[in-house]
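Under the numbering used here, the first residue of the sequence shown is numbered 23, with each subsequent residue one higher.
Read the hints as simulated data drawn from the structure, not as lab findings.
Please read all numbers here as calculations on a predicted model, not as lab measurements.
Heads up, some of the hints might be wrong.
Restraint-style ranges between C-beta atoms, simulated for each label pair [claimed, not checked]: (1) 41 - 71: 17 to 27 Å; (2) 74 - 33: 12 to 22 Å; (3) 73 - 38: 10 to 20 Å; (4) 23 - 67: 27 to 37 Å; (5) 53 - 74: 17 to 27 Å; (6) 76 - 55: 33 to 43 Å.
C-beta: ideal position from N, C-alpha, C; glycine also.
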Amino acid sequence: MTKFDEATQAIRVDETTYDVCLDPGYAIGGPLNGGYLMAVLLRSVVDSSPFEHPVST
Numbered sequence: 023m024t025k026f027d028e029a030t031q032a033i034r035v036d037e038t039t040y041d042v043c044l045d046p047g048y049a050i051g052g053p054l055n056g057g058y059l060m061a062v063l064l065r066s067v068v069d070s071s072p073f074e075h076p077v078s079t
């Protein structure tokens with residue numbers, strides 16, 4: 023697992039809740055980087071999808 027994988031990890035608590043630990047190393051000038059926050063969010067979205075490959079082109 024890479025450092026980014028660890029920093030964006032989303033652990034399922036129940037059907038509608040995930041536990042995350044946001045890494046302050048992804049902060050730029052104080053607030054966390056928006057792309058980093060989206061990556062954390064998308065990890066939980068992909069995990070909760072009923073499809074084996076929820077993102078494809």
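(request) Would you list, in rising numerical order, the hints stated earlier that this structure does not obey? (result) When the structure is compared with the hints, numbers 4, 5, 6 turn out to be violated.
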